[in-house]
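For this one, chain L is given, so just place chains B and G on it according to the hints.
Spelled out, the chains give:
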Amino acid sequence: MIVAPSELHSKISQVLASFCPSAKSNIRNLGIIFDSSHRLTCKVFKNYSCICVITELCYLNGKTFPDGVYYLTTGNGMLYQTYCDMTTAGGGWTLVASVHENSVYGRCTVGDRWSSQQGNNADLPDGDGNWSNRNTFGTVESATSDDFKNPGYYDITAEDMSVWHIPNNFPLEFWNMEAAAVLRYHTENRFLRLYGGNLFQLFKQYPVRYNVGSCGDRGPAIPIVYDHGDEDLVFKYIWFHVFRLKDEFEPGFITFRAINRERATMAICSGVKPTVGYNTEHYCIGGGGYFHPEQCGDFPSFDYDRLGGDQGWSASREMTEAAVLLFYR
Amino acid sequence: MIVAPSELHSKISQVLASFCPSAKSNIRNLGIIFDSSHRLTCKVFKNYSCICVITELCYLNGKTFPDGVYYLTTGNGMLYQTYCDMTTAGGGWTLVASVHENSVYGRCTVGDRWSSQQGNNADLPDGDGNWSNRNTFGTVESATSDDFKNPGYYDITAEDMSVWHIPNNFPLEFWNMEAAAVLRYHTENRFLRLYGGNLFQLFKQYPVRYNVGSCGDRGPAIPIVYDHGDEDLVFKYIWFHVFRLKDEFEPGFITFRAINRERATMAICSGVKPTVGYNTEHYCIGGGGYFHPEQCGDFPSFDYDRLGGDQGWSASREMTEAAVLLFYR
Amino acid sequence: MIVAPSELHSKISQVLASFCPSAKSNIRNLGIIFDSSHRLTCKVFKNYSCICVITELCYLNGKTFPDGVYYLTTGNGMLYQTYCDMTTAGGGWTLVASVHENSVYGRCTVGDRWSSQQGNNADLPDGDGNWSNRNTFGTVESATSDDFKNPGYYDITAEDMSVWHIPNNFPLEFWNMEAAAVLRYHTENRFLRLYGGNLFQLFKQYPVRYNVGSCGDRGPAIPIVYDHGDEDLVFKYIWFHVFRLKDEFEPGFITFRAINRERATMAICSGVKPTVGYNTEHYCIGGGGYFHPEQCGDFPSFDYDRLGGDQGWSASREMTEAAVLLFYR
Chain L
1 MIVAPSELHS
11 KISQVLASFC
21 PSAKSNIRNL
31 GIIFDSSHRL
41 TCKVFKNYSC
51 ICVITELCYL
61 NGKTFPDGVY
71 YLTTGNGMLY
81 QTYCDMTTAG
91 GGWTLVASVH
101 ENSVYGRCTV
111 GDRWSSQQGN
121 NADLPDGDGN
131 WSNRNTFGTV
141 ESATSDDFKN
151 PGYYDITAED
161 MSVWHIPNNF
171 PLEFWNMEAA
181 AVLRYHTENR
191 FLRLYGGNLF
201 QLFKQYPVRY
211 NVGSCGDRGP
221 AIPIVYDHGD
231 EDLVFKYIWF
241 HVFRLKDEFE
251 PGFITFRAIN
261 RERATMAICS
271 GVKPTVGYNT
281 EHYCIGGGGY
291 FHPEQCGDFP
301 SFDYDRLGGD
311 QGWSASREMT
321 EAAVLLFYR
Chain B
1 MIVAPSELHS
11 KISQVLASFC
21 PSAKSNIRNL
31 GIIFDSSHRL
41 TCKVFKNYSC
51 ICVITELCYL
61 NGKTFPDGVY
71 YLTTGNGMLY
81 QTYCDMTTAG
91 GGWTLVASVH
101 ENSVYGRCTV
111 GDRWSSQQGN
121 NADLPDGDGN
131 WSNRNTFGTV
141 ESATSDDFKN
151 PGYYDITAED
161 MSVWHIPNNF
171 PLEFWNMEAA
181 AVLRYHTENR
191 FLRLYGGNLF
201 QLFKQYPVRY
211 NVGSCGDRGP
221 AIPIVYDHGD
231 EDLVFKYIWF
241 HVFRLKDEFE
251 PGFITFRAIN
261 RERATMAICS
271 GVKPTVGYNT
281 EHYCIGGGGY
291 FHPEQCGDFP
301 SFDYDRLGGD
311 QGWSASREMT
321 EAAVLLFYR
Chain G
1 MIVAPSELHS
11 KISQVLASFC
21 PSAKSNIRNL
31 GIIFDSSHRL
41 TCKVFKNYSC
51 ICVITELCYL
61 NGKTFPDGVY
71 YLTTGNGMLY
81 QTYCDMTTAG
91 GGWTLVASVH
101 ENSVYGRCTV
111 GDRWSSQQGN
121 NADLPDGDGN
131 WSNRNTFGTV
141 ESATSDDFKN
151 PGYYDITAED
161 MSVWHIPNNF
171 PLEFWNMEAA
181 AVLRYHTENR
191 FLRLYGGNLF
201 QLFKQYPVRY
211 NVGSCGDRGP
221 AIPIVYDHGD
231 EDLVFKYIWF
241 HVFRLKDEFE
251 PGFITFRAIN
261 RERATMAICS
271 GVKPTVGYNT
281 EHYCIGGGGY
291 FHPEQCGDFP
301 SFDYDRLGGD
311 QGWSASREMT
321 EAAVLLFYR
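Residue numbers (the UniProt record's numbering), protein chains in the order written: chain L, 1 to 329; chain B, 1 to 329; chain G, 1 to 329.
It cannot be assumed that every hint is accurate.
[Stated by the list, open to error] Sample of chain B residues facing chain L (criterion: CB under 7 Å; computed from the structure):
1) Asn76
2) Met78
3) Gln81
4) Gln117
5) Asp123
6) Leu124
7) Asn133
8) Thr136
9) Pro151
10) Arg190
I should point out that these hints are in silico values taken from the structure, not numbers from a laboratory.
Predicted, not measured: the structure shown is a model, and the values here were computed from it.
Ideal placement from N, C-alpha and C gives every residue a C-beta, glycine not left out.
With the rest of the complex left out, here is chain L (with noise of 0.2 Å):
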C-alpha cells in the first residue's frame, strides 16, 4: 500500500469528502481507501471484500455506504452475504465469524463450533479446528443466535480487525446502535500483514491446539482502539466479576492463542492480554479440544462460579450472554 503523502492529505480529503462521505472522517484510512494493491485486488476480485465496495463503488458514482447486508464474493467466486460496517474509522469492515455459547452447560456438545462438538478429549488436539479450516456455517442474520463463519474469514486478505460483543439475538438492524454494544474496538497498526492477512493463516503459524506450549508461549497480542468502552470500562464493568483475576491481565489489546495452566489453548482474549497466573479459561474464547473437564466450550469457563464453582472466577453476565463479532479490513 501507498500511503498518501501528507501535503496531499487535505486535497484528498476534499475530493474523497465530495464523492464518498462516509469515508472522510479518518484521514489515517485514507491511504487505505486511495491503495492501488487494493483497487487491484479488488479488480481481479470483484467485491470480495467491503473495502473493496467502497473503492470500486465510491469513484464510480458517488455513492455513500450505509452500514447493513451485502453481496460478497470469493477468489473463486462463490457467492456470500454478509454485514459490512460502513462507518467506524472510515467504513470497508467485513463481518466474517461471530463466536456465540449456545450453553455454558455443553462441554464439546453439539454448537461448540470454535472449540469441539466431539466431547472433551485429549485425543483431538484440535477439536472442530474451525480457527484453521475452510468449514463455514450460520447466516449473517442469525450471527447473535448461533456460531456464524463465511467465507471471508480465509478468503480475505486483510490488515486490521474489530471485535464487536453484541448482546445475544440482537437483530441486525441495530447492530449499529450507539448503546447495542458491550465492547467494540478496532486495530490500526496492521497486524494481519505479518500473519497471512487472516485468522486462518495467523492460527496455522499459532495452533489453537491442546498442549501445543505452556503459558508463556501465546501468540500476538495486538494494541486497540476503542469504539465503545475503554480501559475502565474493561477492567470494572465488563470484568467485575473475574475480581480474582483482576491481576491477571492488561486492558488495551486483543491477544491471538492463549494457553492457559492446564496446556488447553484459547483462540481470542478480546480486550486483553494474559500477563500472569494464565487462566485464561475465565477470559478468553474458542479453542482446541481438551480442557479441564469442566471447561471445555466456545467459553469454556466465563460462568464457572456460576456454576457451583468458587466464586470470582466468571465473567460479566452482560460479556457471558453476548457473541463476539469479529471484522477484517
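Quick look at chains B and G alone, frame taken from chain L:
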C-alpha cells in the same frame, strides 16, 4: 388492512380475475390482496413474502403464479428461496419451517433442532431455543427430509397460518398433489395480529420452556379450516392409535405452547386442542429442553407403544412419518 | 443419446475444436456433447448440471470453460454453486458430494453425516440416511474440509461418475493440479442409466442399511479408467498398509453397497472390488448406522492399527487424510 366493502366484491372479483386468476376463488381473500398496508410493506421490502410476489407482480403484468420455489428477501436484504403455495384460499402462503423427526430413538440428540440437541437436561429449559431465535437451517427441497427454518420465520409479518403434514422424503414438485398430504388446514381469523405477526414473536409471549407453567397454562388455540381431511379423519384415522387419548383433545384447532403433566412444554398441537388429561407428548410437536426421560425429541412420544411402552399411546404411523410444514400469510 | 457415427468424427472434432476447445480431446465424449436428449434436458432445466453449461454455452458463443465454481439450479429452480471439472475426458463433470472424515476417534458422532451422527445403534440401521435422502450440507469451497452434499446429488440425471481423493483442507483453486490428487478415476460405461441416473436412486435399490444382507450381497462393481494413478498405485501405495487385505480385493473398480462380515454396510469401495474376506470396513467409505463397536464412522476402520488395533489392517495415511469427491456426468 382494509377489507373491501361487500358492495364492491363482485367488481373487485371481476378485476382480480382478469389480472390474477389464481387468486380469484376466495372473496374473503380479496381484502388481503387489495390491502394497501401489504402493498406498502411489499414496496419497502421487495418480495419479502409470497403474498408480495402476488401483490407486486399481479398488478404489473397479470401473471399467474404456480406453486413452487421463489426468491424472497428479508427486510435487511438477505436472500433466500422457499416454497410458495399460490393456490390455497387465494394463495400467497410462504413456507417458513418444517419439523421432521429424524429418529424416534434419539432422545434430544443431533437433529432434534425443534426441541434440544443437548440431551434431556433440566438445566436447559429452553433446549435449542429455535422457536424464538433467528437461527436458520435446512433448504426448501429438503424440508420433508430434515428440519427446515428460513428467515421468513422471524422476518415476515403475517396474519394466518397453514399447516401441511407431508410424508417424509416426499419430493417438492408433488407436495401440492391432492393425495400427497396426510392432513392440511389453515386458519382464517388473522390471529397472528394479536401475537406480533409470526411464531417468533408468539413464542416470546408463550415461551417453549420446561417448567414455565402447568397443564392449564397453554397458549392460544385457533380454529382451523380443513384443506385436506376433516374432523372425522383427525379423530378416527390420524390419531387412531391413540385410543387412550380420544377424550383428551378436541379436533378443529391448532394450539400453541402446550404443557403436559410433567411440566414439559410443546410448541404446536396440530389439528387439536388439549382439553383434559394433558398427555400432550403423544400428539404435540417440538418442545423445550426437558421431558420425561424417554420422551425428549421433536415428536416427543409419538411412538410410545411401538417402542415397547404401554399400548394405545402412540400416534398413527402416518403422522409419525410425516414432516410438518408451517406456512404464513 | 445419439453417438455420432464414426465417419463424422473428424468433422465433428474440427467443428467442436473451433467452438469449444476444452472438449475436443475425447472423441467418445463428442457423442455426449452432441446428444440431443442432453440438450433437451438442459433446455428444460437451465444449467441443471455442468454438462449443460457446456452444451448450452458452447454452441451459443464458442466460449471455453475453465474448471471452477459455477451456478446451477435444480429442476424446481433451487440455486446452488458447485465445482465443474471441464477438462477430464471432455469435461462436464459436476461435483455433487464429498466424504470427509472429521475424526477417526469419533464413533458415529457429530460430523459423521455419511454414516450416523446418532452413535453406533442397531435400532437405526440406516443411520443418518444421507445416501438416499434430499438433505444437503456444506459448501463447495469447504468440500475438502468437511462433508459436502448439494442438490445435484439427487437432482441430476447422469450416466457416469468420477472420483477424486484430495488431501484434507486442500484449496479449491488447486484441486485440478496434476499432483493434487492421491487418486483420480472415472467410469465410462454409463452404468448410472441402469440405476436411476444418480446415487440417490442407486442406493434406493441397494440400501446402505445394517443387516440388509450378507457379504455376497454387494451392489454393482463398475470398471474404472484412471486419471491419476494406476492399479499398481492402488495396490502398492494407496492401500500399502493393508497388507493383510491384499488378496481380499481387486483393483480397477468402484463398488457400491458393500457388506462386511458383521453385516455392517458401506456405501462405496473406491478403486476396488471386494472379492473374498470382506473386511471392507478397512477400505470402503460411508455406511449405515451400526458397525462393530470400534468401527462406526464415515471411514469406518481406516485407522484400525494406528488406533492400537492389530497391525496390518489400516489404510494408508494418504487415503485416510483425503476427502473423497464424487462427480456426475
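Against the structure, the hints come out as follows:
| no. | hint | result |
| --- | --- | --- |
| 1 | Asn76 | holds (5 Å) |
| 2 | Met78 | holds (5 Å) |
| 3 | Gln81 | violated (13 Å) |
| 4 | Gln117 | holds (4 Å) |
| 5 | Asp123 | holds (5 Å) |
| 6 | Leu124 | holds (6 Å) |
| 7 | Asn133 | holds (4 Å) |
| 8 | Thr136 | holds (6 Å) |
| 9 | Pro151 | holds (6 Å) |
| 10 | Arg190 | violated (24 Å) |
Hint compliance for this structure: hints 3, 10 are not met, and every other hint is.
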